[in-house]
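There are 2 protein chains.
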Amino acid sequence: DSGALKQVARILNSGLSPSDIAHLLESSPPRQRALLWNLVDKELEGDVLQYLNEDIQTEYLSRLNARELAYILEDLESDDLADLLQQLPEKVIAEVLETMDEQDRQRVEKVLAYPEDTAGGLMNTDTITVRPDISIDVVLRYLRQHRALPPMTDSLIVVNRRDEFIGMLPITKMLVSHSTATVREVMDTDVEPIPVTLADTRVATLFARYDLISAPVVSEDGHLLGRITIDDVVDVIREDADQSLMSMAGLDNDEDTFASVWTTTRRRAVWLGVNLLTAFTASAVIGLFEDTIAKVVALAVLMPIVASMGGIAGSQTLTLVIRGMAIGQISGANVRWLLNREFFSGILNGVLWAAVVALAAMAWFQDVLIGAIIAAALVINLVVAALVGTVLPLFLKSRNIDPALAGSVILTTVTDVVGFMSFLGLATLFYA
Amino acid sequence: DSGALKQVARILNSGLSPSDIAHLLESSPPRQRALLWNLVDKELEGDVLQYLNEDIQTEYLSRLNARELAYILEDLESDDLADLLQQLPEKVIAEVLETMDEQDRQRVEKVLAYPEDTAGGLMNTDTITVRPDISIDVVLRYLRQHRALPPMTDSLIVVNRRDEFIGMLPITKMLVSHSTATVREVMDTDVEPIPVTLADTRVATLFARYDLISAPVVSEDGHLLGRITIDDVVDVIREDADQSLMSMAGLDNDEDTFASVWTTTRRRAVWLGVNLLTAFTASAVIGLFEDTIAKVVALAVLMPIVASMGGIAGSQTLTLVIRGMAIGQISGANVRWLLNREFFSGILNGVLWAAVVALAAMAWFQDVLIGAIIAAALVINLVVAALVGTVLPLFLKSRNIDPALAGSVILTTVTDVVGFMSFLGLATLFYA
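As you go down the protein sequences, you meet chains W and P in turn. Quick note on the numbering used here: the first sequence kicks off at 77 and runs consecutively. Quick note on the numbering used here: the second sequence kicks off at 77 and runs consecutively.
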């Protein structure tokens with residue numbers, strides 16, 4: 077058995093890349109995960125950690141003391157190191173920084189100074205810069221003095237004497253230029269440097285829109301601070317898209333798929349509790365009409381149809397608007413048009429399905445009145461769902477509340493209340 | 077007014093990049109969109125088209141004849157061109173290909189030969205290849221003969237005499253090597269080339285995991301066919317993540333946010349119809365217990381709580397599993413553990429919220445029995461929801477059905493039926 081373990085360890089440490097190991101750990105239930113983690117070489121641990129999701133990172137990091145942390149983390153790039161450190165308590169961060177040498181510490185502190193979800197938190201400080209008036213030939217000789225260039229170096233950054241950003245010198249462009257040309261003649265000057273405070277999602281949009289591999293980051297006064305590379309941006313893109321999906325189900329983006337029973341139960345409990353309030357609100361509305369239901373039991377049979385069709389219609393609009401907001405398509409200028417479109421589309425689908433449901437209800441209960449009532453309630457609920465589904469996410473965002481997280485609960489509450497209220501209310505008017 | 081239009085046209089065509097123009101078009105309601113599109117320079121149209129979403133692409137492309145198409149599309153890279161062409165009818169594709177010169181046609185036909193959602197559909201054929209036994213110096217001189225290198229060229233591809241893939245020569249590595257070293261000495265040989273038939277989502281996983289900028293694509297017998305670049309992979313990643321979100325609401329990934337009332341109504345109608353079947357199924361179950369409800373109207377008031385809590389709990393599990401499957405974490409090996417975890421977590425949350433709901437129901441209706449019944453029904457429904465939420469997406473995927481699209485409808489049907497059946501069924505046993 078220990079022979080088998082040794083073999084697994086060999087494959088793990090020499091056959092797989094750190095990101096493969098991280099993926100394997102993330103895909104393993106707790107016991108196997110602990111076992112595998114023990115087999116990972118000490119020198120690889122830092123590399124593996126940076127690819128793990130935050131939930132799991134925090135778990136491992138919290139078990140180590142400052143000296144162990146410093147040892148594990150020493151070879152990481154400054155942005156990845158800062159990401160990991162930011163999950164630790166202030167006191168531990170200070171201890172880890174103390175064990176590092178002066179140069180490394182300054183490198184990391186520069187990145188730590190910016191929030192994780194901004195350009196500053198994404199950037200690396202390992203830039204290669206050149207001056208505009210030297211020749212390509214000199215640049216090539218200068219590069220040759222390096223043992224290796226930083227990963228994802230597709231361009232060198234051109235700065236002036238005061239370290240202010242001037243332009244980008246793409247390596248591919250340099251390779252097809254005359255060696256006597258100057259950097260100034262070859263460089264691109266139409267590149268907009270990224271302000272260090274820009275939100276990471278905006279950075280991702282820029283990378284996707286302009287097909288960037290790396291981009292310079294500057295301070296407010298134009299000084300070069302570092303550069304952002306596509307590998308870190310790809311992670312932002314993945315997380316962003318993931319987040320809407322997970323939030324809409326009340327889940328966390330960083331959630332460990334194989335979290336323990338206890339952790340899972342605790343997290344889900346919160347969301348179920350919030351939704352229980354919605355459910356009780358709906359019940360309270362139904363409770364107002366107990367007498368009517370006692371007289372016409374068919375109402376109890378049909379009422380979930382009105383509520384659930386409203387919920388479905390509303391969540392379609394909600395999802396479309398949340399997605400449109402996330403990719404920057406929806407703003408004040410076009411909301412009116414959208415609201416109109418949703419309103420008319422809500423009426424059309426309301427009328428269509430109201431007719432179908434009305435006919436079915438009449439046939440089922442041999443009662444024309446109940447068909448007319450459910451039809452009216454359906455049209456009302458589908459139109460309300462369309463309008464709320466459009467306006468709600470924009471309102472929530474303006475209040476800095478995550479529309480994906482809060483949107484679906486609030487919307488369901490509205491469609492339940494309006495659905496039961498309109499159906500049972502109309503029924504009370506006509507049957508009482 | 078025409079002066080203002082001219083000014084808009086000037087800004088549009090000289091101030092914005094093609095991807096900016098595409099974003100502006102996507103963010104505009106139909107009338108403004110048509111107006112803006114007319115202002116875009118003919119030479120830019122092809123470039124802009126490739127950045128638009130598929131819905132809008134198809135709309136514009138269908139208005140053009142083969143000659144206009146060929147003119148607009150002539151400057152695109154082969155993979156982007158193939159993407160656009162694939163949306164046209166066979167006959168139009170053939171016509172467009174006929175108007176192209178021999179070399180361009182062959183280039184495009186190579187890519188068209190592979191499905192859009194495979195490595196072959198993503199690849200470009202504009203590779204720069206070198207032989208292993210020449211020196212770095214010769215490579216640099218060879219590169220200098222080019223006017224420009226293809227976009228995203230971070231590595232040259234090393235092939236043998238028979239055009240079989242041997243290794244990658246990163247440009248950054250070449251720049252720090254001795255000019256007398258041979259390509260063979262400098263190149264990386266631990267790069268796994270991508271098989272041309274690999275699914276695009278798998279390609280995206282490889283790029284994200286190994287931080288790639290470009291990767292070689294080979295045929296089954298190892299011949300180099302082309303290369304895939306990160307810009308196209310970023311699009312795949314965005315679409316993939318988007319797809320789960322949109323599918324769960326019954327929406328299409330390529331859906332135009334500003335589609336017309338008519339298009340929107342038609343698409344939504346289908347989803348509402350499917351969900352109406354779910355709603356009627358739930359009603360049919362309630363209908364079985366009309367007599368019990370007539371006796372105890374409180375049942376009608378409380379029954380939506382059981383169904384909705386089951387739906388919420390189930391959709392949390394469903395979303396987690398769908399996400400885990402999408403990023404390749406969940407497979408046969410760990411499903412059992414997951415099922416166990418969900419089972420126990422379902423019991424714990426079931427018992428917790430059953431207690432809360434039972435107490436509330438007893439207090440509300442002054443009836444101990446109804447509290448006990450709703451508690452039992454809640455535990456049953458939450459456990460069923462957890463189990464179905466885990467197994468259903470795996471089952472659907474094994475049948476090649478999109479779990480995000482079909483999963484939520486089927487799950488809701490199950491939690492509604494089980495919720496109403498267990499609550500009203502138990503009530504019938506004890507109150508009848």
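Treat the hints as calculated values from the structure; they're not laboratory data. Treat the hints with care, as some may be off.
Since the list can't tell identical chains apart, any single copy or any two copies may satisfy a pair.
Dumping the calculated DMTMM-like pairs for lysine to aspartate or glutamate here, alpha-carbon to alpha-carbon at most 20 Å [said to hold, decoys possible]:
| no. | residue 1 | residue 2 |
| --- | --- | --- |
| 1 | LYS249 | ASP230 |
| 2 | LYS82 | GLU192 |
| 3 | LYS249 | ASP213 |
| 4 | LYS249 | GLU153 |
| 5 | LYS249 | ASP307 |
| 6 | LYS186 | GLU315 |
| 7 | LYS167 | ASP177 |
| 8 | LYS82 | GLU121 |
These are the hints, each one checked on the structure:
no., hint, result
1, LYS249 with ASP230, "both (10 Å within a copy, 12 Å between copies)"
2, LYS82 with GLU192, "neither (38 Å within a copy, 43 Å between copies)"
3, LYS249 with ASP213, "both (13 Å within a copy, 17 Å between copies)"
4, LYS249 with GLU153, "between (27 Å within a copy, 19 Å between copies)"
5, LYS249 with ASP307, "between (22 Å within a copy, 19 Å between copies)"
6, LYS186 with GLU315, "neither (24 Å within a copy, 34 Å between copies)"
7, LYS167 with ASP177, "within (18 Å within a copy, 68 Å between copies)"
8, LYS82 with GLU121, "within (17 Å within a copy, 60 Å between copies)"
When each numbered hint is compared with the structure, violations occur for hints 2, 6.
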